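Respectively, the protein sequence lines represent chains Y and V.
Numbered by this note's numbering, the letters in the first sequence go through residues 467 to 680 in order.
Numbered by this note's numbering, the letters in the second sequence go through residues 430 to 898 in order.
Keep in mind the hints are simulated off the structure, nothing from the lab.
Heads up, some of the hints might be wrong.
Claimed, not checked - Pulled a few chain V residues facing chain Y out of the computed Cβ check, cut under 7 Å:
hint, residue
1, LEU478
2, ALA481
3, ASP495
4, TRP513
5, ARG515
6, GLY566
7, ALA584
8, VAL592
9, THR657
10, THR679
11, SER701
12, ASP708
13, LEU710
None of the values given here were measured: they were computed from a predicted structure.
Every residue gets a Cβ at the ideal spot worked out from N, C-alpha and C, and that includes glycine.
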Amino acid sequence: MRAARDEILATIRQSLGRGPLEPDATAVLAARMAAPPQHPRPAFEEDLTTRTIRKLESRSATVARVADWTDVPRAAEQFRTENGIEPRVVIGAGLAALAWPSHWSWHSGPAAPDAVLSVTPAFAAIAETGTLMLVASPDSPTTHNFVPEHQIVVLKVEQIVRHFEDAWWCRQQTGAGLPRVVNLVSGPSRTADIEQTIQLGAHGPRRLHVILVG
Amino acid sequence: MDLHSHEFQSRARTALHDTSLQQALDQARDGFVAKRAAQVAELSEFEALREAAAQLKDHILEHLDDYLERYETAVNAAGGHVHWARDDAEARRIILDICARVDARTVTKGKSMVSEEIGLNEALIEAGLKVVETDLGEYIIQLAGEAPSHIIAPAVHKTREQVADLFEAAHGGPRRTEISDLVDAARQALRGRYFEADVGITGGNFLIAETGSSLIVTNEGNGDLTQTLARVHIVTAGIERVVPTLHDATLFLRLLARSATGQETETYTTVSTGPRRLDDLDGPEEYHVVLVDNGRSRMLAGPFRAMLRCIRCGACMNHCPVYGAIGGHAYGWVYPGPMGSVLTPLIKGLDLAYDLPNACTLNGRCASVCPVKIPLPDLLRQLRHAQFTQAITPRRQRGALAAWRVVATRPWLYHALERVVARILARLGARTGRLRRVPGAHGWTLGRDLPTPAARTFLECWHHEREKS
Ligand code: SF4
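Using the sequences provided together with the hints, build the complete structure.
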């Protein structure tokens, strides 16, 4: 294994016409890693919240806005009943303290095939493209984002940032660097693999509903 | 996957007469082009992004060894494992060894072109494993026993009627032809497979050196189910996929979806770092990355380095008139269209894929849309040149090219011959206004007529007009 690694690196260097980089050259790269150059970003004037809602809806997600954190269970129940979704739910532990309807059967463990709906706390949203950032943690297991047929994401207005670059700070969130999984979700699951016709609910959630708080 | 590029001419001919294929290609072509154009028109920074992306890729390739080492260190720090594969056989062995060690029986796969490149499915099946492709397009062609015909839309050559037949045979009746029913049928068929998988294999659009992460982009969410629910996650990626930081990956992401499917962003972009952590409730127990060289490190040396900028968006094939007429299978290997016509000869040999660089009109449309500005027509011309200097070009064509050079570098001779030929052709086609057959251009007139040229050449007319005034 070592042999393959060394041979590949040696061939790369030979092709580049040099040996291993000198210490000052690696120092330049290290500095670049610490402070990467700014690449062009799409400029826009639109208000961050308006844009996020508009973009999400353009990709068939739905958005409901509530004033307060305690309104979330009611908004979730409304979405559930309007769409005739069974109340078999997984709720990220980060939201478990809210007063969920008593007729829901729910837990905060990983999603198994019988989970029909999930309720997930967002970590951030990016207004540039209207994209939700969900990060793996005991409060928000990754299976919640893909296994259930329908997903509700709870997002606070102040979590919306302008560009992707503004969201990447999540890597500093924990001492261990990035969360194990960062999911950037821009709508319900879709496919166009048969005759280029867009169809929702390919493998992941068929419906994505965002409850925007604030 | 076996190489069939030497059959290009016969495959292309068959493709032109395949009505289902032509129907499918017609449907695809305009959609991809129009959607991309709409996205580009929306984003005034698009050209600036392309320029920055090309420069960034060149910077990465210039320092590829260093970034790969940094990436490896970061993956290890996150509890993952990096494996290096010099060629396809070594990559297959590494993956088979992992599967054997963890007693794997079922392997689910997200879409990965590198896994096609290394012929992974055949090897896994031969080793007695059950392999399930989970991307809808890949699932369709797996049922059909075919290779992908497009790098981002593997089943683009299939009509819905054909998919309906395949699904009826695989899932049982009744036969359904509604697209929503077909997508649903695949969803139901694959659900259970994700949960029973021991190993989940995905590609890696980008590998982040800073964090040791792999990044995948999908619309369906199948890649995420694959890598989250299997006990072991294996990422397969070419060595050129490394980027320094998440900021740098963002630059490419802004170009990728717009260029590929004409979307502003794909539905799911996922950054994964290492295996399940202590307090995680789900995720794989092991996380492996197989870095595949397979000729790439040598490609860095010569004039073809720019090809390693490729981010596999497929825009070049979507805009290629040749691909649009014959589809992907005619190219005879994993990578079709313009990027494949450069990569296949470089990876598999200039002689074994002789026709590919020559099956191009050098119209330049691919280069004008490539998000990392790869000069594809120039590279194709360089390949032709290399074929010529290495005496791979067939004797008859070499003779013809040599004769052409004699004529083309002597203007007096060129013009004299042109006058003669113009007169002969004008006389031959005087009655009908077109020529059904032209000596020496049999292949060209097989599919179309040549309009009869004017009896006098442009230069003759020009001189005549000048004298008059
Ligand atoms: S060569 Fe350019 S256009 Fe073609 S797939 Fe690669 S990046 Fe896309």
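Original post:
Against the structure shown, which of the earlier numbered hints fail to hold, in ascending order?
Top reply: Going through the list in order, the structure violates no hint and respects every one.
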